Amino acid sequence: MKNMKKFLALCLTGAMAVSMAACGSSGDDKAAGEDDKQTESTAKTDDDKDAKDSKDKEKLVISCYLADDNQVAVREKYIDEPLKEAFPDVDIEIKMYSDRQSLQVEVAGGGGPDILDLDGPTDVAEFAKADRVLDLGKYADQYGWKDMFYDWAYNSCFYNEKLYSLPTFFEGMVMYYNMDVMKENGWEVPKTQDELVELMKKIQEKGIIPIAFGNSNYQGAVDWLYSTFTSCYGGPKAVKAAMEGTGKYTDEPIKESIQTMVDWWQEGWLGDKASQSITNEDMVAFFAEGRAAMMIDGTWASNQLIATYPDCNWDSEMMPQKEDIGEILPFATGGGYSINANSKNPDLAAEVLNYLFTSLDRHYQSINEAGYQPYPLKEFDIAKLEGMDEKLLDQYKLLMDAQKNNQIGYCSWTFYPSEMRVYMNENTDALFLGSLTVDDYLAQAQTYIDTAIADNTIPVLP
Amino acid sequence: MNTVKKRHMVPYLFILPAFIIHACIVTGPALSTLVMSLFDWNGMGNAKFIGFKNFSEIFKDPLVKLSVVHNIQWLLIFITVPLILGFIVAIIVSQLRRSQMFFRTIYFIPYVISAAVAGKIWTAYMNPYYGFNQVFAKAGWTELSKVLWLGNPKIALFAVAFVDNWHWWGFIMVLFLGALQQVDPTLYEAARVDGANRFQELIHVSIPGIKQTIAFVLIMTIMWSFLTFDYVYIMTNGGPANATEIMSTYIYKNAFVKYRAGYANALCVIQSGICVILYFLQKYISKKGGMEDE
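Chains as they are written, first to last, in this note's numbering: chain A, 1 to 462; chain B, 1 to 294.
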């Protein structure tokens, strides 16, 4: 019995040591182990029958956001399959991440995909600070990327004077109108801020929410609002001056625009004084179902409206203008492709990126058929989109015209220092609810600009 | 090695695997949290040693104070409502014979529903446009129908705490019920022979009989109140205007939204310190109050 106990103890200890050794292995085994542990589903571009061949191929992993089956099918058609055809000797894997944290942790651990699909310049900046993404300057020269992209989008990808990402698509903040509600009540689409104010009063009298807004599931959605108000009613010049240090974010035009936003919220025109209780999805539903007449949202919402509310008769325009500023469309690059500093194949990753931005037929097709957002490319020809959904086409024309006519405003997720954006995202609700003053809010925001200017990390504004 | 020494080693060999696992996945990361709290680190790159700067910042950070206050409010709610409710219902259910299992199951069900699911469902119930408010409006309770359960900073924390209570109290009830069933029935018989009524039985037999369970529930509630995260994160994410910000959500935001992992580590150290202090405080009070053996 005594011997049996000893034997058992030794066996258990041995088993433990072996299992620990297995967990602690390094190199490729470790990477494989991490892959197994990933809870995120993984979609491979290769078929099962190609699995054997893929073992001999170079491997390249591209991250992307978690998507449903339909979105995956669309992505496979317009990204996975074309990549597979263009790079037959490379085993390209598109790996889905349910959230930014999993990707961040993986990259911090020295692993992660070769190409990172990040949330845009402010997100890329954090990876750049940590030296987790490569300076793409060398590849930009090699492939001529500087001349490919619109300057405003390309320049927004610089951090500390180095290029760390390429803009995956561009978007803008617009005002959506439920045209059925507008027509039923005999309301005209307002052209000026004053007309909009008068219209909102009429809408509210009718018991309809003037502008739908909700951020209970994502507090940061307030950046859609303050980006729109500061750009459209404070003016892009004032914002640019603040970011360049020739003005202050506390200057009167910006202060007035933020005050306007707060006043509208407190009047119940913006989110019915309940925006903290409803979600983004509720907000779109309220607009589509006619409970709200208007909605301030990004151009990305058009796809959601078409897919989820096909019967909704909507239109989108730039925010009604303030007379001395004119019509402005706040722009943003919605995402950025970066190359992981841990990548074993950075040259190949750059080649793949270059393919994505130069295979324009594939890109037009993906916009036409699947509602993908356009890359901010100079060569982009809107005429190639004729025949697509009219509303979407109108919106793309709006974006292109605003770009051409230099009616560019600034969205915080592209043009603000990331600390400033985090602060504003967390504290705008406090402004609405009266627990923070506009002066204190702007003064604090200005401190982040001062720090970014001092550190030479202030984003470049067009 | 003599036989006696060998015999003493055998138990240590048996606990060695568990000890190694614990050291690797609990002690190691805990120590690394302690170390990283002394660094300026964004969670990805190289960390820069800054000594106790993170800690000095914590003591000046108004959001930390606000979060701790919210945690204390949370603690006060959870140390009273679910315990009293769970205890009373356990007493009632323990009197039942045939239907005890039915009620035990019914009250326990919310505990097995995941926080993510329950949180989302209750968020929808509390939506002012299609939740309970519509029912209140139809019932003619106009003022009640206008309440923004999750949107009003004055009540949002209590609204979330209500939902967590809904999920939690059934578990407490089952713990108390199990403990009550362990109380020696002859003690009740003796009390009755001595002329005790139901209330006196409760005070002099039931409560002393389950005092160790009460002490356990108290200590767990105190610590969990400071570590809670799920319902707040799912239902309000610390909003509106930080009205439901608690230590855990603030730590999460610093680590993953603000990219301030070093500061988040320092907050974790403070949070753990508070829990340890509360643990010993509760142990001391319990012993003094006769809830636990000296």
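None of these hints come from the bench; they were simulated from the model. Since the model is a prediction, treat every value here as computed from it, not as a measurement. Quick reminder that beta carbons are idealized off the backbone N, C-alpha and C, glycines included. Check each hint, because a few of them may be wrong.
Unchecked claim - Going by beta-carbon spacing under 8 Å, a handful of chain B positions derived as facing chain A: (1) M44; (2) G45; (3) F49; (4) A115; (5) A116; (6) V117; (7) P128; (8) Y129; (9) L150; (10) P153; (11) G209; (12) K211; (13) N237; (14) G239; (15) V257; (16) Y259.
Quick rundown of the hints versus the structure:
{"no.": "1", "hint": "M44", "result": "holds (4 Å)"}
{"no.": "2", "hint": "G45", "result": "holds (3 Å)"}
{"no.": "3", "hint": "F49", "result": "violated (16 Å)"}
{"no.": "4", "hint": "A115", "result": "violated (15 Å)"}
{"no.": "5", "hint": "A116", "result": "violated (12 Å)"}
{"no.": "6", "hint": "V117", "result": "violated (15 Å)"}
{"no.": "7", "hint": "P128", "result": "holds (5 Å)"}
{"no.": "8", "hint": "Y129", "result": "holds (7 Å)"}
{"no.": "9", "hint": "L150", "result": "holds (5 Å)"}
{"no.": "10", "hint": "P153", "result": "holds (6 Å)"}
{"no.": "11", "hint": "G209", "result": "violated (39 Å)"}
{"no.": "12", "hint": "K211", "result": "violated (38 Å)"}
{"no.": "13", "hint": "N237", "result": "holds (6 Å)"}
{"no.": "14", "hint": "G239", "result": "holds (5 Å)"}
{"no.": "15", "hint": "V257", "result": "holds (6 Å)"}
{"no.": "16", "hint": "Y259", "result": "holds (5 Å)"}
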